[in-house]
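**Q** Sequence:
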Amino acid sequence: MRIKLTVTLILLPFWALAALPPNYEMHSTVAPIQENSSSQQNTQLQAQQWGLSASDWSRYQTLMKGERGIMSPGLDPLTALGVETDNSAERRRLAELWVKHEYQRTEKELAFQREVNAAWLRLYPETLAVNMGANAAGIAHDTQGRLALFLKENCSRCDARLAAVLADNRPVDLYLVGIDSDDGLRAWAVKHNIPVEKVRSRHITLNHDNGLWFRYGMGQMPVILQQGETGWQVAAY
1 MRIKLTVTLI LLPFWALAAL PPNYEMHSTV APIQENSSSQ QNTQLQAQQW
51 GLSASDWSRY QTLMKGERGI MSPGLDPLTA LGVETDNSAE RRRLAELWVK
101 HEYQRTEKEL AFQREVNAAW LRLYPETLAV NMGANAAGIA HDTQGRLALF
151 LKENCSRCDA RLAAVLADNR PVDLYLVGID SDDGLRAWAV KHNIPVEKVR
201 SRHITLNHDN GLWFRYGMGQ MPVILQQGET GWQVAAY
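In case it helps, the working numbering puts the sequence shown at residues 1 to 237.
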């Protein structure tokens, strides 16, 4: 009797397994592995797109689930990690990654914008109005029709455009690309005979570029922006 009972207990599990659907165990164990593998690959891909490691990306996700995510929802990983780190070397590394990423993004946008400008000239040569946005922050803002002229040293086209603007007697904000010091601005102004009285009255202002040309100049030098009802617009190259 004991022998029969033992045999029954041993055979029962095999009989129960035989009644299960084919590949039942394979699906129940392999599927989670496949899902985990896919998730890991997706994480690695996202991290690589930003030049980050898997551990960087994991920290970014953790940060965005906490206070930083509440204060700055949608913040990019480089900025989030850079702001939250206490390590100066790490902060520098992330800042350089951000600049490289921003440079690549801007280059793509500028390339497309140049094609848009060319299309305007081809299709509607009498009407060129490229909207720069409702508030081109950082450029001297004035509602009295002021111009913003971006130019640089040793540029004959820039000198010609400057002469035309001065002859027109329009209020203008001059942005010098590549001149970093106030003394450099003054020397440039003297060399180009900028009227001192107009600078003092702020009819003409002298400004450091501070990267604004790279942001709004569309790669053109010189370039003039004009304040319109919908924001800064390219007026002339």
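These are computed hints drawn from the structure, not numbers from a lab. Each hint should be verified, as a subset may be incorrect.
[As the list claims (entries may be wrong)] Per label pair, the in silico range of CB-to-CB distance:
1. G66 / Q46: 14 to 20 Å
2. Q61 / N169: 24 to 30 Å
3. R186 / E115: 37 to 43 Å
4. R200 / E107: 36 to 42 Å
5. Q226 / R105: 35 to 41 Å
6. H203 / R114: 14 to 20 Å
7. A187 / S58: 50 to 56 Å
By construction, the Cβ of each residue, glycine as well, lies at the ideal position given by its N, Cα and C atoms.
**Q** Is it true that the C-beta distance of H203 to R114 lies inside 14 to 20 Å, as the hint says?
**A** Cβ of H203 to Cβ of R114: about 32 Å, so the range 14 to 20 Å is violated.
**Q** Confirm or reject the claim that Q61 and N169 have a C-beta distance inside 24 to 30 Å.
**A** Violated, since Q61 and N169 (Cβ atoms, about 58 Å apart) do not stay within the stated range.
**Q** Measuring from beta carbon to beta carbon, are R200 and E107 in 36 to 42 Å?
**A** holds (40 Å)
**Q** Please test the hint of 37 to 43 Å on the beta carbon pair from R186 and E115.
**A** holds (39 Å)
**Q** Note whether the CB distance of G66 and Q46 lies within 14 to 20 Å or breaks it.
**A** At roughly 19 Å between Cβ atoms, Q46 and G66 fall inside 14 to 20 Å, so the hint holds.
**Q** Starting from the range 35 to 41 Å, see whether the pair Q226 and R105 falls in it by beta-carbon distance.
**A** Because 26 Å falls outside the window, the suggested range is violated.
**Q** Could you tell me whether the CB distance from A187 to S58 stays inside 50 to 56 Å?
**A** Between A187 and S58, where Cβ atoms are some 52 Å apart, the hint holds.
When the structure is compared with the earlier hints, violations turn up for hints 2, 5 and 6 and for no others.
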